[in-house]
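Visitor: No gaps in the numbering here: position 554 of the sequence shown is 541 in our numbering, and each next residue is one more.
I should point out that these hints are in silico values taken from the structure, not numbers from a laboratory.
No experiment lies behind these values; they were computed from the predicted model shown.
Keep in mind that a hint or two might mislead.
[What the hints assert, rightly or not] Straight-line distance between alpha carbons at most 27 Å, and here's what the computed DSS-like set of lysine-lysine pairs gives:
no., residue 1, residue 2
1, Lys618, Lys646
2, Lys646, Lys626
3, Lys350, Lys364
4, Lys264, Lys409
5, Lys323, Lys364
6, Lys364, Lys343
7, Lys364, Lys409
8, Lys409, Lys350
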Amino acid sequence: MRTRFVVVCMFFAAALALQGQGTSVAQISGTVQDSTGLAIPSAQVTITNTDTGAVRTVQSGPDGSYILSNLPVGPYRLQVTKDGFSAYVQSGIVLQVNTNPEINVSMKVGSVSEQVMVEANAAMVETHSNGVGQVIDQQRVVDLPLNGRNVTQLIALSGAAVSNTGGGIVNNLNYPTAAAFSIAGGQGNATNYFLDGATHIDPRTNVGLPLPFPDALQEFKVETSALPANYGSHPGGAVNAVTKSGTNSIHGDAFEFLRNYVFNARNVFAATRDSLKRNQFGGVLGGPIIKNKLFFFTGFQGTTERTAPATNVAFVPTAAVLAGNFQTILGPGCQKNPVTLNAASGAVNNIIPTSKLNPVALKFASLLPVSTDPCGKELYGVPSIDNEYQGVARADWQRTPTDLIFFRYFVANYGLDAFYDKSNLLTAGAPGLLDQVQALNAGDTYLISSNTVSSFRATFSRSAINRVGAAGVPNMAQLGSAVSSPIANYTGQVQISNYFSTGAIPGYVFTNIYGLSEDLGMTKGAHQIAFGANWTHTQMNALGPFQMNPRMTFNGQLTGNALADFMTGSMDTMLQGGGQYARDGQNMPSLYVQDNWRLTSRLQINGGLRWDPFIPQHQAYGYATQFEPSKFYAGQVSKVFTNAPPGVTFAGDAGFPGKSDTYPRYGDFAPRVGLVYDPRGKGT
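Make the full structure from the sequences, and use the hints.
Guide: Here it is in structure tokens:
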């Protein structure tokens, strides 16, 4: 894109919800003039999608200007006709997502039957937006090398974006390829993601859901700075992605990508080559069902990945320790500072009578390997076996010349096998994953008149994240403990300082997003005006099994050695809870208006106002709580939980906002204004 001068004067206020209306389309605008530079009004301007045959026609205004908005991305041919002038035809135009190139037309006097042909492969210059953006086109999406074919890695090519997964933004309750990018200095969860114009966000963490694999993705655009009013929240920026669609010709491909020991290079500092074995296979197919009318596109990618286990180090009870003899393991051969067990433990010369060894600890230790190392050192590994499958299906229906309807479904399934070696309970330290993301989007773009376009979207997305235990893992009850252990296939967490730990935390998080949006765009003289309304509803259902099976720690406070504490059943701490089921919902309506006013051929003012009322989450089980300093100083306690500290209130207390943790705000407005200056006034 060629350099232009952009002067931005912006006042921007952002709400902290996730609503916003993305766009999966583009537009063309420009001016029709004669060879002397005079405007030609009432010229017929026709744009034709050369892939699908879709046609759109408008007339130039009194000043010769025209705008063709809400055009699907793809290749186009522009034709302009007017009595007394030769027809103007420009081919080779390629529209990219959420771009607004200016194409000015110079017509020559002559017969309409004559044509002036222009081959455009020219740079599409953006002279209408005061935002900053970068399109990652289809060629780069497919051709650039991607580790694991994860398209979100290409977001970093925009220059203003860096990966930002710190601070717990992304964890094992997100889909494994979740995107978290900081754009223009924003936070990692302050970027909005759209797929085919629909919100593509995990509402629990506000990070992006996975994007389709490269062969199914047409392109995407990364935007930031003074974005128009159809964008709300997420002040960092926006990522607009578009899936491929069918055309009038059959097109498709099949692929297989392989990485294994034979092809992997060896790190110069490593003893062996990388053990990764990854197969990625699939294909896409698109084409016409009814030529110029109905099109289809579908695609699939499978990924299987196997990795040899990394080496983990633990120190487990030796045969001597299992008999109560700690002399070697606590002696100078194993300890920099030898340890003498406390007399209160019953130990004499670091030997504990077997009668004082805890039977549950002995049962637990029987599921651990007995190390032949005198200090109990044990090396073990947990193999990584995971699979992912993605599928995309899309249909586009040109119902009438003025009505385009599309439907798209995307699904991604990820599975990481839970592993448990029955001879080594240490291998049960990480949960398996069963994750699924689904995204459904339907849209209708309707040309009400030559200068008014309606765009409607209905969306649904669902993220289901499951952490599961491996079959056969015993819980504490099966080890002989009287401690309640309601979750099967989960021992609980056992942490022995400087020796070993085990236990994974299961659970699930299901999130849903429902969305409806309507955008109405019109051209009135030098004004391009847009109105829009959006409603988003989010749901979250989760089980946080907070220590339902216990967490026990042993640190040597009682005997002088953590392992001896464990073997005698002398816990330092034990934590057990009842778990927490969450069922939250939130409504997020919004309205906006945007006016892009072309004052002169060189100067444009872009102004907008967005209303984002804040309606807090409704917590079905009433887990919300507040701290009120005035009640704390007055010594007032909750009427709901009378044993709670003063000042802490709960749902049901006087003055508490129902089952939310705060009150709604209806005065959140986000105005913005910007200037765009084109020094030459020619859109180049």
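Visitor: Is it true that the CA of Lys618 sits at most 27 Å from the CA of Lys646?
Guide: 20 Å, holds
Visitor: Given the hinted pair Lys364 and Lys409, is their alpha-carbon gap at most 27 Å?
Guide: With a Cα-Cα distance of about 19 Å, the restraint between Lys364 and Lys409 holds, given a limit of 27 Å.
Visitor: Holds or violated: Lys323 and Lys364, Cα atoms, limit 27 Å.
Guide: Roughly 15 Å between the alpha carbons, so the hint for Lys323 and Lys364 holds.
Visitor: What's the verdict on Lys409 and Lys350, does the C-alpha distance respect the 27 Å limit or exceed it?
Guide: 13 Å, holds
Visitor: Could you grab the alpha-carbon distance between Lys364 and Lys343 and see if it respects the 27 Å cut-off?
Guide: Within the cut-off at roughly 24 Å; holds.
Visitor: Under the criterion that the straight-line Cα-Cα distance not exceed 27 Å, is the pair Lys350, Lys364 satisfied?
Guide: 20 Å, holds
Visitor: Does Lys409 sit within 27 Å of Lys264, going by the straight-line distance between their CA atoms?
Guide: 26 Å, holds
Visitor: Taking 27 Å as the top limit, are the C-alpha atoms of Lys646 and Lys626 close enough?
Guide: The given pair, whose Cα atoms are some 15 Å apart, holds under the 27 Å limit.
No hint from the list above goes unmet by this structure.
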